[in-house]
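S.K.: Top line first, the protein sequences correspond to chains A and B. Under this note's numbering, residue 377 is the last one in the first sequence; the count climbs by one each step, no gaps. Under this note's numbering, residue 691 is the last one in the second sequence; the count climbs by one each step, no gaps.
Just so you know, nobody snuck in bad clues.
Stretch-level coverage of chain B by chain A, calculated; a stretch enters the list once three of its residues show a Cβ under 8 Å from a Cβ in chain A: (1) 371 to 379; (2) 504 to 511; (3) 627 to 636; (4) 656 to 664; (5) 667 to 676.
Examples of chain B residues toward chain A, derived with CB under 10 Å: (6) 481; (7) 647; (8) 651.
Honestly, the hints are just simulated from the structure, not real lab data. Note that beta-carbon positions come from the ideal geometry of N, C-alpha and C, so glycine has one too.
The lines below spell out each chain.
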Amino acid sequence: MSAGLVEARDTDGVAHRARARRSRWLRRYGLAAAGGAIVIAWILVAIFATSLAPYPYEQVDVTKRLLPPSAEHWLGTDLLGRDVFSRLLVGARISLIAGIVVVVVGGLVGTLIGGVAAYAGGRAEEWMMRATDLVMCFPPIILAMAIAAALGIGVTNTILAMLVVWWPKFARLARSLVLVQRSQEYVEAAHVLGYGPSRILFRHIVPNAVGPLVVLLTLDVGTAILTFAGLNFLGLGVIPPTPEWGQMVSEGRELVEQWWVATFPGLAILSVVVGFNFLGDGIRDWLDPKSRRRGATPRRLCWRCATCAPSSIPMPGPCAPSMA
Amino acid sequence: MFRYLTLRLASMAVMIVLSTLVVFLIATQVPADPVLAQLGDLQSADKELVASYRRKWGLDLPIWQQYLLYLQGLTRGDLGESISTHRPVLEDIRQYAPATIELATIAFLLSLVVSIPLGVIAAVKRDTPIDHVARLVSLIGVSAPTFWLAFIMLAVFYGGLQIAPGPGRLDVTALPPPKWSGLLLLDSAIVGQWDTLRDAAAHLVLPSIVLAASIVGLLTRTVRASMLEALAQDYVRVARAKGMRETAIVVRHALPNALVPVVTLGGIAYAILLTGAVMTETIFSWPGLGRYTFRSAIALDFPGIMGITLVVAVVYLVINLIVDLSYALIDPRVVQR
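Next comes chain A alone, as it looks inside the complex:
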């Protein structure tokens, strides 16, 4: 009898603990999981867009223009009678590709420049960081607009223009990360062992400094997709009839009565950017669990670096200000 009671209490405890663990998991990783799910869903959509789309995205039918959402056209039709849903699915391709290409290439270039600058030091560092500062003294979208307009309209040119303005924040972040790592003992040890500078930089320092870079990369895909959509909205991007979300919003911006033309592509942008932001935020917590634990002192935000403040990435101390 008494044994039964104990047993019952025990299973209760197990269930309770499981529940507690689940809720803790949700609190800690829920946002990241949701973000990851959204991102994966969109990637799948992008891959299978043409087979998922109920209509060919470029199919014009003037008799069916501006139809409201219905069973036939889930998200309605646009000015030329094209199916908004089909165009939206296919539009995922270009947005995701542009966002990822800009961030990966920009991130690599920036990290390389910043990392090498920090490790090399001296005159080389001075020059590289001045160049970074120079690009950073232009508000990104204005400079990107100027370059995109100058290069001519087209996806490749828009991506190129974005790359020109994209690398500096990675350069700054990578530099500050490497500067912190460089003074660590293990670097000195590697030095003593007689390893060469490139081996120390890429095999020892970079792996240790990579965390905040990953966070910035993930958060940044969202920003890049937003910027790309913005440039497309302004008419600097894809050439019609290629569907792109920003351009779809632009096509529907006068159509207040036919709200579906602009609303759904905008929701698509919002959802994919939210996905990347949740994911990046979650990765940040995961890499730096201390930052959200109750009672822990958050790390200082550095005051001069334009990269860590916007996304408030935990930085190992203030990054070295450019003047000083």
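Starting from the known structure of chain A, fit chain B onto it as the hints suggest.
M.R.: Here is chain B on its own, set in the frame of chain A:
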């Protein structure tokens, strides 16, 4: 302090000269031909005409001479003549700037009013549902495309509910105030045109909400983070030990210290507001710099877009300098480093 200031000013001067070089190189070393873009297909066939335009804009000179000419013009405040409006770019900028300044100022104030309380509450109620909701809201706010938000606002409040005025700064029936500062709120208040003032204010509501939304998320997160840091300081513990009320601790002790890092966001907020302004103004037909930039870019009006880019970069540098200096004033520890 003095040495710091001289260094900063010198480096800023160098940056400004270098940024003119960047702007100039983009304008001249690109495949697009502004003359052909401006003349259109029919006139471009006329070689004489094209050549005469090239001469007129100095496009036939060697590149370094063009740059020197450009610099020479800059020292006189001459940013060139806009190809599409046929007016000096500086004059254009002067005409369009007030609309943007008015909009951006209101939006900035609005975002402060929203994000400071939100950030403080999120920090004080850390890890409670309120904090999570604030985090969620700011993440979603950062993720919403400005141009889309502008469309939604117009569709709902102007098209649907019809409680907000449409695009533009004033109704067509409204009497514009005499132009003094170009800021409609100020100008109409000075001469006492209260109807115009009300109309201008009503037209500001939607665009400034849209513009503010682009920085609320960033500001809220920064306020929250720096508030958390402030609350963990010793002086807060001392104040608690003294038996001070929690509200007084938060508002009188922690908040002033927590707002210091927020000052530094000035430069970043400026850049974001300007980006947002390009989108917002395009949708709201706001006759400001954002729309001017957009139109110049589309028309390949290089003097126009280069002039804007340069002015914006210089203002950006100046704002960053002011931010850094004010930071040094607020927090003396910065200079000692």
